[in-house]
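Colleague: All chains should be built: construct the whole structure from the sequences, respecting the hints.
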Amino acid sequence: MKSESEKIPEEKLREKLEPFPPEFQELVWTYRRAPSPEVLAKIVNGIMDYHGGEVFREQHAQKQDAVRLVEDLAFDSLTLVDLSFQAEEFIGVVIQLEDFPKIKTLGELQAFLRAKAFPAAGAAC
Amino acid sequence: MAPQRRVVITGLGFVTSIGNDRATVEASLRAQRHGIARMDFAGPDRPLGVKVAGTIKDFDTASPHWSKWTYPPGYRFLPNSLRSLAPHGLYALCATEQAIADARLTPAQVSDEATALFSSSAGSAFMLHHFLSVMHDTPDMRGTPMGVVSSITGTLNFNLGTYFKIRGANCGFVSACASSSHALGYACDEIRLGRFERVIVVGAEDLNTDALIPFMSMKALTESGDPDRASRPFDRGHDGFVGSGGAAVLVLESAESAAARQVTPYAEMLGWAQSADGFNLAMPHPEGEGLVRALRRAFRTCDLTPADVGYVNAHATSTPQGDRAEALALRTVFTEAGAQPAVSSTKGLTGHPLSMSGAMEAGFCALALREGFVPGNAHLEEPDEACAGLDLPRETRTVAPGIVVSNSSGFGGSNVVLVFAPWPAA
Chain A
1119 MKSESEKIPE
1129 EKLREKLEPF
1139 PPEFQELVWT
1149 YRRAPSPEVL
1159 AKIVNGIMDY
1169 HGGEVFREQH
1179 AQKQDAVRLV
1189 EDLAFDSLTL
1199 VDLSFQAEEF
1209 IGVVIQLEDF
1219 PKIKTLGELQ
1229 AFLRAKAFPA
1239 AGAAC
Chain B
4 MAPQRRVVIT
14 GLGFVTSIGN
24 DRATVEASLR
34 AQRHGIARMD
44 FAGPDRPLGV
54 KVAGTIKDFD
64 TASPHWSKWT
74 YPPGYRFLPN
84 SLRSLAPHGL
94 YALCATEQAI
104 ADARLTPAQV
114 SDEATALFSS
124 SAGSAFMLHH
134 FLSVMHDTPD
144 MRGTPMGVVS
154 SITGTLNFNL
164 GTYFKIRGAN
174 CGFVSACASS
184 SHALGYACDE
194 IRLGRFERVI
204 VVGAEDLNTD
214 ALIPFMSMKA
224 LTESGDPDRA
234 SRPFDRGHDG
244 FVGSGGAAVL
254 VLESAESAAA
264 RQVTPYAEML
274 GWAQSADGFN
284 LAMPHPEGEG
294 LVRALRRAFR
304 TCDLTPADVG
314 YVNAHATSTP
324 QGDRAEALAL
334 RTVFTEAGAQ
344 PAVSSTKGLT
354 GHPLSMSGAM
364 EAGFCALALR
374 EGFVPGNAHL
384 EEPDEACAGL
394 DLPRETRTVA
404 PGIVVSNSSG
414 FGGSNVVLVF
424 APWPAA
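Respectively, the protein sequence lines represent chains A and B.
The numbering used here puts the last residue of the first sequence at 1243; the count rises by one with no breaks.
The numbering used here puts the last residue of the second sequence at 429; the count rises by one with no breaks.
Certain hints may be false.
What the hints assert, rightly or not - So the derived list for chain B, only partly shown, Cβ under 8 Å to chain A, looks like this:
#1 H68
#2 S70
#3 K71
#4 T73
#5 P75
#6 M144
#7 T147
FYI, nobody ran anything at the bench for these hints, they're computed from the structure.
Glycine included, every Cβ here is placed at the ideal spot set by N, Cα and C.
Modeller: Quick look at the structure:
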């Protein structure tokens, strides 16, 4: 996870959050003040909802963390790049494009980000 | 030589200042109900000379973020369909859905190898402005991944071709305000040549500050603040165009395909022609020489004489130079041949939606042909002297127009003339 000095400035974060609903914005500000695995998981689901809309909600209701980014949600390379930018801006974790072949499901995405953001807690999660 | 295949119009879709569906557009044309309203382009602290536009109702696309947009009920789009669109991409998606439904095409037909999509727009200066600002404002200039595909010229092709799974052909046309007329012309040729059974032709434009206000620097826009009189093509008081945007879509189809599908066409597209002025960057030839050539070529192509034409839907945008040049061209071609078709510019109602005007007005002509009316010249009080001898109806006439000609002209002296006829032929 990025250090305090590496975080995106608040003003810029506000701009980046503009397309998102208020409840999601609140989650990101909460995480910025007090990062926790629980809030991180909600932010990731919020990013998925932004990109997947009702398809994500339907698939998530059926498959939970087993929802597949490409096969179930039809995310393409542009969406994955967008998603990686948002993970960096909202959670402070960088996803390299070469990481994506290892991240096929929502559960794998959650685990990847959690392990990067909370390395000490990774084994327990 | 094999006989030429006949080309018909089987579907229409509209998101325009005078209506967001075919029925509303027809009612507006018949009642001469305009779509022009006051518009604040730069905020209350920066009052501009330009004060009105042909506004798009029931859509809110003021934000560069698709997640903030709203559109009329009845449409349903998922995030991955909207994320890479400009505002005019959303209008085009809606109008194309209308046209496909109107033509009673199935999803399988839309994405078969015999269906192509031709489109035209200027791209989106609004989205480009936004994404370049984000890019320049980010330390590593990485911008956003949707920046290119939502903004550059071709954004309609990228997005609509993907959304509708087009497999015949997918390409765009750029000739400023003649663009979507060029798209219709080449679509007609491709069907005639037997390369495709149908072509979905799309014209669309943003309507926002970034799309329109650059024309203010060219002194091309009216500074009238009166929506009821601002757009008055051919009138002595014309002093610049009223900008507009939206989307207009036509399905052109071979007559055989339409008959096999048991679809009743709106009209036949008899043919088209084009010419270039070779004169000036922005101004037409003052006597409309280029347009005269295009009209005469169109008549030769379609084996018609000026006397065969019952109605001309003029390009006239309400600029003095453009209206006069077109009026003189019409006098040269028609009046000097002893012909007197009705002439009107529907831009008095709609304003000027730039590259989409050809498709929009071709759609109006198709409606006029099927429903039997000739649109009038809204806001025409005293015709410019260049119009002497032309039949410029003030009100819409409830008569069958017969053969219809639709003109479009763009920067650099591009002229396109489209020719339509009633279907079935008389």
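Colleague: None of the hints should be skipped; say for each whether it holds.
Modeller: Going through the hints against the structure:
1. H68: holds (4 Å)
2. S70: Holds: closest Cβ of chain A sits about 4 Å from S70/B, inside 8 Å.
3. K71: holds (7 Å)
4. T73: violated (14 Å)
5. P75: violated (18 Å)
6. M144: violated (13 Å)
7. T147: holds (7 Å)
In the structure shown, a violation is registered for the earlier hints numbered 4, 5, 6, in ascending order.
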